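Participant: Protein chains in written order, with the numbering used here: chain A, 207 to 317; chain B, 96 to 212.
Misleading hints may appear alongside valid ones.
Mimicking PhoX-like on lysine-lysine, the simulated pairs with C-alpha atoms at most 25 Å apart in a straight line are [what the hints assert, rightly or not]:
| no. | chain 1 | residue 1 | chain 2 | residue 2 |
| --- | --- | --- | --- | --- |
| 1 | A | Lys-276 | A | Lys-208 |
| 2 | A | Lys-262 | A | Lys-273 |
| 3 | B | Lys-106 | A | Lys-248 |
| 4 | B | Lys-110 | B | Lys-173 |
| 5 | A | Lys-262 | A | Lys-276 |
| 6 | B | Lys-106 | A | Lys-208 |
Between beta-carbon pairs, the in silico distance windows are [as the list claims (entries may be wrong)]:
| no. | chain 1 | residue 1 | chain 2 | residue 2 | range |
| --- | --- | --- | --- | --- | --- |
| 7 | B | Pro-103 | A | Glu-209 | 29 to 35 Å |
| 8 | A | Glu-221 | B | Gly-148 | 47 to 53 Å |
| 9 | A | Gly-222 | B | Glu-178 | 45 to 51 Å |
| 10 | A | Gln-286 | B | Gly-135 | 36 to 42 Å |
| 11 | B | Asp-158 | A | Pro-287 | 20 to 26 Å |
| 12 | B | Ser-122 | A | Ser-246 | 23 to 29 Å |
| 13 | B | Gly-135 | A | Ala-235 | 26 to 32 Å |
Examples of chain A residues lying across from chain B (beta carbon under 7 Å, computed) [what the hints assert, rightly or not]:
| no. | residue |
| --- | --- |
| 14 | Phe-236 |
| 15 | Tyr-238 |
| 16 | Lys-248 |
| 17 | Gly-249 |
| 18 | Leu-294 |
| 19 | Lys-304 |
It is worth saying that the hints were derived from the structure and are not from the lab. Keep in mind it's a predicted model, so treat the numbers as computed, not measured. Glycine included, every Cβ here is placed at the ideal spot set by N, Cα and C.
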Amino acid sequence: QKEVEQDPGPLSVPEGAIVSLNCTYSNSAFQYFMWYRQYSRKGPELLMYTYSSGNKEDGRFTAQVDKSSKYISLFIRDSQPSDSATYLCAHIYNQGGKLIFGQGTELSVKP
Amino acid sequence: GAGVSQTPSNKVTEKGKYVELRCDPISGHTALYWYRQSLGQGPEFLIYFQGTGAADDSGLPNDRFFAVRPEGSVSTLKIQRTERGDSAVYLCASSPPGGGKGYNEQFFGPGTRLTVL
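Using the sequences plus the hints, can you model the full thing?
Facilitator: Structure (structure tokens):
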């Protein structure tokens with residue numbers, strides 16, 4: 207079993223839709239949970255990170271972590287064509303360690 | 096300020112050849128990471144440097160892969176006797192010294208796209 211499983215997509219939604227992206231993980235030792243966004247032919251960039259269970263909001267983005275079920279989600283409200291990218295969930299054991307990524311979900315928001 | 100830069104942006108080589116991929120981290124960043132991303136997959140960890148030394152090289156797939164960071168800044172990933180299966184995007188990331196507060200963000204470069212024919 208992979209340490210991080212992510213719905214591969216691709217996912218296509220109309221502009222303005224609410225998008226839900228999900229990951230499950232197997233190792234309860236993970237401490238930090240993050241979402242990265244990767245545009246085509248670019249490196250990943252950090253969208254959000256969280257440490258504890260619960261919700262964290264940043265503008266149109268909400269990250270949700272449920273440590274009891276080892277499940278994390280990213281919600282995008284009022285999706286825009288500029289949100290079209292691959293979204294990667296990632297986890298880390300501690301501050302300085304390696305990132306463990308899911309396989310990524312390719313999102314396309316159609317105008 | 097300048098982000099992480101990687102050269103070359105694209106590299107095409109023949110099976111069996113040797114290649115070097117270069118990473119220039121953000122100035123002042125002490126930690127440097129290499130990842131490999133195959134098509135349709137998330138990045139996979141290769142090696143992590145803290146300063147000049149490799150703190151974790153558990154992701155290097157075999158002894159054909161080697162990385163150095165001799166002065167604690169620029170790093171070079173070296174691949175010997177390349178194979179077609181080595182074709183991927185090689186990503187470098189750097190992060191600043193840890194402050195003990197939360198996640199120490201890794202900043203990624205654009206990657207080097209390696210194609211082995």
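Participant: Next, verify each hint and record whether it holds.
Facilitator: Against the structure, the hints:
1. Lys-276/A with Lys-208/A: holds, 13 Å
2. Lys-262/A with Lys-273/A: holds, 14 Å
3. Lys-106/B with Lys-248/A: holds, 16 Å
4. Lys-110/B with Lys-173/B: Satisfied, since the Cα-Cα distance of roughly 15 Å is no more than 25 Å.
5. Lys-262/A with Lys-276/A: It holds: about 16 Å lies between the C-alpha atoms, which stays within 25 Å.
6. Lys-106/B with Lys-208/A: violated, 30 Å
7. Pro-103/B with Glu-209/A: 29 to 35 Å: Taking Cβ atoms as reference, Pro-103/B and Glu-209/A lie about 32 Å apart, which means the hint holds.
8. Glu-221/A with Gly-148/B: 47 to 53 Å: holds, 49 Å
9. Gly-222/A with Glu-178/B: 45 to 51 Å: Holds, at about 46 Å.
10. Gln-286/A with Gly-135/B: 36 to 42 Å: Distance hint for Gln-286/A, Gly-135/B is violated at roughly 24 Å.
11. Asp-158/B with Pro-287/A: 20 to 26 Å: Since Asp-158/B and Pro-287/A have Cβ atoms about 46 Å apart, the given range 20 to 26 Å is violated.
12. Ser-122/B with Ser-246/A: 23 to 29 Å: About 28 Å separates the Cβ atoms of Ser-122/B and Ser-246/A, which means 23 to 29 Å holds.
13. Gly-135/B with Ala-235/A: 26 to 32 Å: holds, 27 Å
14. Phe-236: violated, 12 Å
15. Tyr-238: holds, 5 Å
16. Lys-248: holds, 6 Å
17. Gly-249: holds, 3 Å
18. Leu-294: holds, 5 Å
19. Lys-304: holds, 4 Å
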